[in-house]
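Position chain B relative to chain A; hints supplied.
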Amino acid sequence: MKKVIKLFLTIALFFSINIHSFAAEKVDYLKTDWSFKGLFGKFDRASLQRGYQVYTEVCAACHSMKYLSYRNLAEEGGPEFSVEQAKAIAASFEVVDGPNADGEMFTRPAKLSDKFVMPYENEKAAQAANGGAYPPDMSVLVKARGGGVDYIYSLLQGYEEAPIGVTLDEGVHYNKFMYGNKIKMAAPLSDGIVEYGDGTVASVEQMSKDVTSFLMWAAEPHLEARHQMGFKAIIYLIILTTLVYFSMKKIWSGIKSEV
Amino acid sequence: MSDHDYKPKSKVGQWFNDRLPLLTLANHLTDYPTPKNLNYWWTFGGILTFCLITQIVTGLTLAMHYIAHADMAFESVEHIMRDVNYGWLIRYIHANGASMFFLAVYIHIFRSLFYGSYKSPREIIWILGIIIYLLMMAAAFMGYVLPWGQMSFWGATVITNLFSAIPLVGEGIVTWLWGGYSVDNPTLTRFFTLHYLIPFLILGLVVLHIWALHVPGNNNPVGIDIKKPSKDTVPFHPYIVIKDGFALLMFMIVFAFFVFYSPNILGHADNYIEANPMVTPAHIVPEWYLLPFYAILRSVPDKLLGVVAMLSAILILAVLPWLDTSKIRSAVFRPLYRQFYWILVADVLILGYVGAMPAEGLYLLIARVATAYYFLHFLVILPVLGFKEKTLPIPLSITEPVLGGNPNFAMAKKNESKIE
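Protein chains in written order, with the numbering used here: chain A, 1 to 259; chain B, 1001 to 1420.
What the hints contain is simulated information worked out from the structure, not anything from laboratory work.
Hints should not be assumed to be uniformly reliable.
[Claimed, not checked] Selected chain A positions facing chain B (in silico; Cβ < 10 Å):
1) Ser35
2) Leu39
3) Asn72
4) Ala74
5) Asp137
6) Gly148
7) Ala225
8) Trp252
Just so we're clear, the structure is a prediction, and the values are computed from it rather than from any experiment.
Just so you know, even glycine gets a beta-carbon here, dropped at the ideal spot from N, CA and C.
Only chain A is shown next, with the shape it has when bound in the complex (with noise of 0.2 Å):
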């Protein structure tokens, strides 16, 4: 047995040596407690409808988020909105649809079934609006970039005056924690620039925190089940793993070797 737990140790151990290699480039990132690491990570639900806030206010002047729809803001493991409250958010969008029976396109406000809408007809015209720069789509930026949601927290908060000699282009932007350091992003966030509906003071700091926790959900809506299921998964893998072990050590009782 002793054997067989060294192998399973030696087998992790060069596992996680092989990650912790090739996940080069380590960047010394702001940290903040993120609630959904850990076994049992989950959302914080009022940083995600500030998140939200944050997102819709700010960054959708810019950024699309062309995978998720208004239902998913009402759905479990999410934001959680009402329903209620979600179809009021999506119907203060108008959307294109049809062609109706007289073969016109016409507008309405969205419904819950809609996908979120688009600051911009398409990527060209996203270009044109923001200096040659595209800015990215952020239904999976979370999980896109290297350092993930640190990464996402930093940017936000990474913004200051260019060193001496560093020269930057006009609309190029100074970030310590952008590859290159140079972004064509003005910084987004300023204090106050929303402000919460539940007293919240917004900082930029919290800000950052509610709107990366928004876009990791929006990355990964199940990462709330994901968590769940893991633990029972693992907990009855291991308690199925100790009935096969004792039955394997009986039935090999008969036999002169070792298991």
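Showing chain B alone in chain A's frame:
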């Protein structure tokens, strides 16, 4: 499959078995005499079968929801992750399953290298294994292309471009592979088709692999031929079934940990960015399991020779049974080979590491040395070692000490435990 004298008890069973001897096969599989001293490194065959079946089952389910089209593939994967019932679970099992499959296959291969399982009379089993491994790499590579992320697209571009190194016809072959003048929709649809096909080819080869195994029977940690059945063997069922089952469950715990708690750690973040032919990622790296070969490829300055080196690194394994001139199978009785074995393990790990790093400066130098050593091991060290090495005396059976009361078996056991 030597004993065909099995007779089912029931009349119906006999009638059926006379026409299609499936019951004889089942009986052979349950009774199959297996060396009783197999250690846990031998459980990875069963684990690999589990991996293959898991990949096929989850893959079939994914294929019901996936759309193989350059404009829709990325979106359909997001649809699976968000809206398909348990789609996230199925996809994460499939994606991490590929890594677990390779983890298991590398252990399986290195077990074979340590205990000399590739040697006579098991050469065919070994060669079938190498073909399976090659097909696995092809399947994994094409599977990685299907989500149509940035790494999918650029990985496909880099790997298919390797064929352009072939003199004269290279460019033509690449165009033919792509189905156009760049990696695009035709490339995606054919990769999807092949990705769907290959696992079933592997399944067929696995049947042959096991069939070929059942002719001479399993090798074992002592590496000697044993009488079957005898005191040295146990029937496959229930002894090996329960032991393999136990090991499989341990493996599944590790697997589950990845799926539920770090499902993206083995992948590359860039693959969550939709493929864009106009933007090249800063570093194009393959999945971890292909890194050693990627390092070999890049360590050679000439493109064609690099491709040749990379392919040779795999194909050299196919002739390993003839490169290794030692008659002794198990490294337990080969004190020198044992040391070279571990150097090779370290060498491959180093290659994997530098494969993930940019090919420049010190990394490139290390990659070159490690590549040279890899070939040196197989082409020089192994053939010479067979003649020069002073091996330890081997026991005559697993249970009995060597004739004359020499307690070699105890010595073997001691050596074994030292290694594990």
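Hints versus structure:
1. Ser35: violated, 15 Å
2. Leu39: At 7 Å from the nearest chain B Cβ, Leu39/A passes the 10 Å test, so the hint holds.
3. Asn72: At about 8 Å, which falls below the 10 Å cut-off, the nearest Cβ of chain B leaves the hint on Asn72/A intact, so it holds.
4. Ala74: Constraint on Ala74/A not satisfied, violated at 14 Å.
5. Asp137: Because about 8 Å separates Asp137/A from the closest Cβ in chain B, which is inside the 10 Å limit, the hint holds.
6. Gly148: holds, 8 Å
7. Ala225: Because about 8 Å separates Ala225/A from the closest Cβ in chain B, which is inside the 10 Å limit, the hint holds.
8. Trp252: holds, 6 Å
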